[in-house]
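2 protein chains.
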Amino acid sequence: MSAENSLLVVGSVAFDSIRTPFGVRERSLGGAALHFSVSASFFTDVSVVAVIGDDFTEDDHQVFRERKINTENLQRIPGGKTFRWAGEYGYDLNTAHTLDTQLNVFAEFNPQLSAAAQQSPYLFLANIQPGLQRLVREQVKARFVAMDTMNFWIEGAREELLQTIAVVDALLINDAEARELAQESNLIRAARKILTMGPQMIVVKRGEYGASFFTRDGFFATPAFPLESVFDPTGAGDSFAGGFMGYIARSGSTGKIDDHTLRRAVIYGSVMASFNVEEFSCDRLRRLQAEEIQDRFRQFKEFTHFEV
Amino acid sequence: MSAENSLLVVGSVAFDSIRTPFGVRERSLGGAALHFSVSASFFTDVSVVAVIGDDFTEDDHQVFRERKINTENLQRIPGGKTFRWAGEYGYDLNTAHTLDTQLNVFAEFNPQLSAAAQQSPYLFLANIQPGLQRLVREQVKARFVAMDTMNFWIEGAREELLQTIAVVDALLINDAEARELAQESNLIRAARKILTMGPQMIVVKRGEYGASFFTRDGFFATPAFPLESVFDPTGAGDSFAGGFMGYIARSGSTGKIDDHTLRRAVIYGSVMASFNVEEFSCDRLRRLQAEEIQDRFRQFKEFTHFEV
Chain Y
7 MSAENSLLVV GSVAFDSIRT PFGVRERSLG GAALHFSVSA SFFTDVSVVA VIGDDFTEDD
67 HQVFRERKIN TENLQRIPGG KTFRWAGEYG YDLNTAHTLD TQLNVFAEFN PQLSAAAQQS
127 PYLFLANIQP GLQRLVREQV KARFVAMDTM NFWIEGAREE LLQTIAVVDA LLINDAEARE
187 LAQESNLIRA ARKILTMGPQ MIVVKRGEYG ASFFTRDGFF ATPAFPLESV FDPTGAGDSF
247 AGGFMGYIAR SGSTGKIDDH TLRRAVIYGS VMASFNVEEF SCDRLRRLQA EEIQDRFRQF
307 KEFTHFEV
Chain R
7 MSAENSLLVV GSVAFDSIRT PFGVRERSLG GAALHFSVSA SFFTDVSVVA VIGDDFTEDD
67 HQVFRERKIN TENLQRIPGG KTFRWAGEYG YDLNTAHTLD TQLNVFAEFN PQLSAAAQQS
127 PYLFLANIQP GLQRLVREQV KARFVAMDTM NFWIEGAREE LLQTIAVVDA LLINDAEARE
187 LAQESNLIRA ARKILTMGPQ MIVVKRGEYG ASFFTRDGFF ATPAFPLESV FDPTGAGDSF
247 AGGFMGYIAR SGSTGKIDDH TLRRAVIYGS VMASFNVEEF SCDRLRRLQA EEIQDRFRQF
307 KEFTHFEV
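One line per chain: the protein sequences are Y and R, in this order.
Numbering (the working numbering) for the first sequence: 7 to 314.
Numbering (the working numbering) for the second sequence: 7 to 314.
Same shape as in the complex, but just chain Y:
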């Protein structure tokens, strides 16, 4: 992959404490930028912009090394502690209940990008404070920019969020958040309304129900991969975004990205999310093989295909 295909992500790297009906994991590697970059690294060269404390050990760093993720823009704060999140899931596994958040080094995060990072043609703004997302967006001469967000910012920083949404090409958001952002209970109308806020496209992530993709003149939808065991949903949305953006970056379109590429990107996003939830943290993705991705992509085709 050349610099023409490189993908930059800004977001959190965290230690998670996760409780699901199937088990408990303490100090689990997490954070949106970490899940995203591990996922995207199967498709293209990825560089991560984030902040960590000095409790982030050499052993923790191994995840970036083994996936060949560029950490030139990963700031380490001496004496600081890495961002921590504690959450819990019930049997439906669709909604995370936050038990505790400790921003730690993230409270003062002021992303500074290297000259190379500023030249990245593809940029993903993972879920962080929308003002910070815009600050990074303005530093990067990207060809294609996507972002995620969450209910916390929709409710608490709406105006700032709208300003950020206005300067990206794609918004990736979950079902309930799309309805909340648009203040509209029907998802299709919600998506149409969000498209008037600036982005050219919206990907609505619907968990076990799949994903829907909206552009001003098009619509695409896919069911989710039929998993018999969903172990830990943490990072599913970020892995989805990693597959989506990673595939788009690999395609390297210099003009408007064509509809075929975008549809395949939605499927690759779905594929990566489906692997992510099979185990705690990014454990499953760390031992994933490229052939497994291709195999599951073909299965998506097989179980959604019908003849006219």
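It is worth saying that the hints were derived from the structure and are not from the lab.
Mixed in with the good hints, there may be bad ones.
Said to hold, decoys possible - Calculated cross-link-like contacts (lysine to aspartate or glutamate; reagent style EDC-like; alpha-carbon spacing at most 16 Å): (1) Y:199 x Y:223; (2) Y:307 x R:265; (3) Y:74 x Y:60; (4) R:307 x Y:308; (5) R:262 x R:181; (6) R:147 x R:165; (7) R:199 x Y:234; (8) Y:307 x R:313; (9) R:307 x Y:114; (10) R:307 x Y:313; (11) Y:262 x Y:175; (12) R:147 x R:265; (13) Y:87 x Y:60; (14) Y:87 x Y:64; (15) R:74 x R:64; (16) R:87 x R:72; (17) R:199 x R:181; (18) Y:307 x R:308; (19) Y:199 x R:234.
Position chain R relative to chain Y; hints supplied.
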């Protein structure tokens, strides 16, 4: 269409009182057998087994006449009152809250089938007491039999329901009911478990999230049609079943129904349900044109297709 393609349905014909966030309708034509037969009548010859009171007027009968639905096995009870159901939907439109049920003539329903009806090659057992479903199933030498049910029977008549499920080819059921029947929170495992109870196939109806189709060695899934306005979900599941069974009956397979036919049947079911919810009662289906069905079927192909 010849007798080789004819489809028999047993179930309720009712007057509904429906309240949605978008309006109120009193004495609306409803009942599972009515919604099913109107939908299926676009595909094949349909005959309905049900019971009505003498409050079911000539004007009400018009729905059967205009759709050329055979009412030879529609019993009219002199002095009786037609089944009545009153229900309400909130903004999410996914769950009906029953306000009132008056069984009336349905309380004594004892389906008697004409000799012709007993020869029907295709049979649908709409949602009624599972013992009655089995009674009808035993009277009909059908080639292919499908059924629906609901939480009320899963909770209150489980053993009888399991006996009925054991003697059908296909179970059509909604998402929550599939999980409840299998006592399993993961839908895929729930479906696999139900397949051990007798049926060769299960269609899981997921409302705005689409439908999933399971056989012992296969899986197919489709998102729902992207509707900007869902007006009244009453009868959506029955319209789905009507499209699914109507298309299968029209195909007239004499042996095992092939996978391509079954997948298209799931899509036709989804198409018919999507029209049904656009207006109160079966108003939309009563003025539906065959070309509109084909057009929406093609749209399903368009918005789910991607290139490998």
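Here is how each hint holds up against the structure:
no. : hint          : verdict
1   : Y:199 x Y:223 : 13 Å, holds
2   : Y:307 x R:265 : 15 Å, holds
3   : Y:74 x Y:60   : 21 Å, violated
4   : R:307 x Y:308 : 14 Å, holds
5   : R:262 x R:181 : 26 Å, violated
6   : R:147 x R:165 : 24 Å, violated
7   : R:199 x Y:234 : 11 Å, holds
8   : Y:307 x R:313 : 8 Å, holds
9   : R:307 x Y:114 : 49 Å, violated
10  : R:307 x Y:313 : 8 Å, holds
11  : Y:262 x Y:175 : 11 Å, holds
12  : R:147 x R:265 : 23 Å, violated
13  : Y:87 x Y:60   : 6 Å, holds
14  : Y:87 x Y:64   : 15 Å, holds
15  : R:74 x R:64   : 15 Å, holds
16  : R:87 x R:72   : 23 Å, violated
17  : R:199 x R:181 : 14 Å, holds
18  : Y:307 x R:308 : 14 Å, holds
19  : Y:199 x R:234 : 12 Å, holds
When each numbered hint is compared with the structure, violations occur for hints 3, 5, 6, 9, 12, 16.
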